[in-house]
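Undergrad: One letter stands for each residue in the lines below.
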Amino acid sequence: MSLFSLGIARGLVGQTLGMLVGMLLTVVTRVLLGWEAWAAEPAWTVGAVCSIIGFLLGVGALDDWLQWTKGIDTPLHHGPPADKPAWTRYFSVDYNHKVIGVQYTVWGILLLMVGGTVAMIFRTELAQAGLQFLGLGLYNSFIGMHGMIMIFAILLGVGGMANYLVPLLIGAEDMAFPRLNALGFWFNVPGSLLLLLSLFIGGWDAGWTAYPPLSARGPIGYQLFFLGVFAIGLSSIVGSLNLLVTLLCMRPQGMSLFRMPIFCWAVFATSLIQLTATQLIGVSFLMVSVQRAIGMGFFDPRGILGEISPLVGGGDPVLFQHLFWFYSHPAVYIFVLPGLGIISELLPVFSRKPLFGYKWIALSSMAIAIVGFLVWGHHMFVSGYNDILRVPFMYSTLLVAIPTGVKFFSWLGTMWGGKIHFDTPMLFVLGAISVFLIGGLSGPILATVPTDFPLHDSYFVVGHFHATMFGGFVFPFFAALYFWFPKVTGRMYNETLGKIHFFIMTPAFWVQTLGQMGVGVMGMRRRIADYDPSLGNYQIESWHLAVTIAGFAIAFGVLLMLWNFFQNAEVGVAAGDNPWRSRSPEWQIPSPVPEHSFAAPLRVVGEPYDYGLADSGYVSTATPGDD
Amino acid sequence: MANNRRHFVIASVLIVIFTVLVYWLLDGVLLKPEAAVVQAAPIDNLFDQHIWLIAFLFALVVVFMCYALIVFRARGDEGDGEHMHGNTTLEIAWTVIPCVFVIYFAVISTTMLFDITRPHPDEYVVNAEGRQWSWLFTYPESGAITQELVLPVDTPIRIDLTSDDVLHNFWVPEFRVKQDSVPGKTTYVRFTPNKVGEYVLRCAELCGLNHSGMLAAVRVVSRDEFDLWNSEQIAQIQE
Ligand code: HEM
Ligand SMILES: [Cu+2]
Ligand SMILES: [Cu+2]
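Just so you know, the protein sequences line up as chains V and S, in that order.
The first sequence maps to residues 1 to 627 in the working numbering.
The second sequence maps to residues 628 to 866 in the working numbering.
Simulated from the structure, these hints should not be mistaken for laboratory data.
Here chain V is said to cover these stretches of chain S; the calculated rule only asks that three of the stretch's residues, wherever they fall, bring their Cβ under 8 Å from a Cβ of chain V:
id, region
1, 674–686
2, 708–716
3, 809–818
Not everything, but these chain V residues come out facing chain S in the computed CB check (under 10 Å):
id, residue
4, T209
5, G313
6, V382
7, I438
8, I445
9, P450
10, Q539
11, I540
Backbone N, C-alpha and C fix where the C-beta goes; we use that ideal spot for every residue, glycine too.
Extracted from the complex, chain V is given alone in its bound form (with noise of 0.2 Å):
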């Protein structure tokens, strides 16, 4: 078998093709008009597009469409490879949504290890004030880097749980569009790679939101970023549109939308904002871009680009934040809103008790998303827009606090009165349940103006999106891990271990978010190489040494995961059918799941959550004709 076999090897050979391509294109361009014939920041863009659709073309993504231009047939189904092992198929295009699933999975988690290693190192340069290692501008770069590969490795983990699960939920063979959810997946590839390439031609500089005129100036790294991020948010908008579709036209009959095991309506949720909202930040990105490679003055007031093209000024900085929010904002409730769905799911199971306020908890994950489309504005409460839009954007960000807070008290009824088992997945659901609160605590006191004024854009933001976060997605995504790695390999994780990185990250994630929060009051400002260490009467740096400390202890607990996950996959002990007793459709099934999931037609004979009600079931797998 030869490494080209992979489709991977072949997509990454066609990006470098793609990118050479792109450059020569635009030396000969230049060329024929006369001009110098190099100039990287040109060349490097045109090349990180072409780099895109090389890697496409390469890994065998656009094949089958390819094919059917030609009006030639392709199978509906390719199953596992024929002439190669099995394994082989995780590094090619396969429609297959559980391999998809696993594919996003996995990248996933590796974006996470890139940026985590990227934290590790400033924050060990945080650790002491003054500056040690990391020279100005490669701390700013790594800051802009950290946050969004963590954003990438996000979206890919959503991705991830949503591939694999909703199809397995919902009882669908496969998802409704399976090469469209390809596709999806391998656009985050040449995506990512392009992300990192920047940092080697430049990086940038302006953190993660890139804000205008700062990154219109900066070096050619931005270029690839904004591309980078444009691939990404394709991979959003087709995977979110192949999810809805599967979600309204693919279920059984008699599974009506409020019979939807609950993370489907995290998933309807967060694609329907995904949908609509990730146009915003492809396209502000793509402005800044037009603005610098030929000069459009979008965001630049009065010509600062002058020397460069006579086309400039008569744009607005502001307007970008504009823009960029109405995305980024909303873009907080797709990392979060599948992370709360694993909540909901997990909390009955493992409470032996049904869901508490189905109902209310699948409206609140709607009405969250409806109106995170109406905050963006609290993002800018001192960016210079007109002062009176503060008060409406007060008003809308502390709304958000009402459909959050009837999640919360919905776990607590669903947890009232049941029998409470703590295997790894649950105590992971409660560490989520801790942190996400410490998260959404923290929102309304920045959402009231007046105590924003001294709050933005200090260290408290990074503290209460930390938060946020790691209550919102990673949290669950680890007790979806744990939960589903029987049903995905067969075998069952080390329980031990699995507690063991429980207690260490969870008390080390506390210390982390209120270090954060409490140098960020003392006067600390966010994303700065160097902080003054006579803040918060010389406290500053005991904790930020206490932070560093603790970003190392969640470091070690993620490895201690991977390590258990690791060795277990092949060898562990046979996990069964249904280890978790659980009554959703994927676990009346084989683990793993066969190649095609369910024998028959999925039946739905019950409500979903009804545990505790005797010789009751949610789905009949049988065939009608066997009972």
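Model the placement of chain S with the ligands on the given structure of chain V, informed by the hints.
TA: Relative to the frame of chain V, chain S with the ligands by itself:
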């Protein structure tokens, strides 16, 4: 049901105790800088009200959660919990009661916001220009241009902010308030220093390489000292 009532009484007591504990912890960790402007008092007061609410809600959820985890833990049996799907009265209650808090905070924050940003008829104006990576202050009254911000105490101040390169942000932690400076327009921030002293202006909007070092000295001085300084500046210009 009677059992439930006993549980609620115990949990309520625990919540009260825990609320105070959490407030005490947060109060110890979230150390506010010294307050050096009139506007700091209401802002800090609102901050403390938030911390009390955070402490209470944190205690509410965590106590109920931990209580349930202990009392309703599975004691080795494989049975199921109570078969109960929800309670509409409860759901409505915990939708409506938070609305009261939301309205309360919305109302006091709005009045406070208008209060602390209200223009003052005889405010003293200074222009501050942010540039990568330093500050330049212009006093329109005297024409003085300085690198250090000198302000008279107990006088309403308005800083007009401009920038010719990228975004910056005017923030003195002791003054609480904050405002971006934006190329292409003039933004402003108002405060009334009420404590003589030396502070540091820290740029709070990422502005490139040396953003962390974009600081300026701020000196709040008595009215007399300010007049003296002012006349020195004027004398210097006339030379
Ligand atoms: C009760 C709910 C919440 C409220 C009221 C709230 C409010 C706010 C406000 C007002 C800001 C702006 C702070 C500033 O820059 O001055 C902010 C920042 C942020 N919030 Fe939240 N938030 C809430 C929940 C969440 C959730 C669920 C997430 C999801 C992950 C989240 C993620 C973020 C992020 C990422 C930022 C900072 C973005 C940046 O400037 O880099 N928040 N939040
Ligand atoms: Cu937001
Ligand atoms: Cu700055």
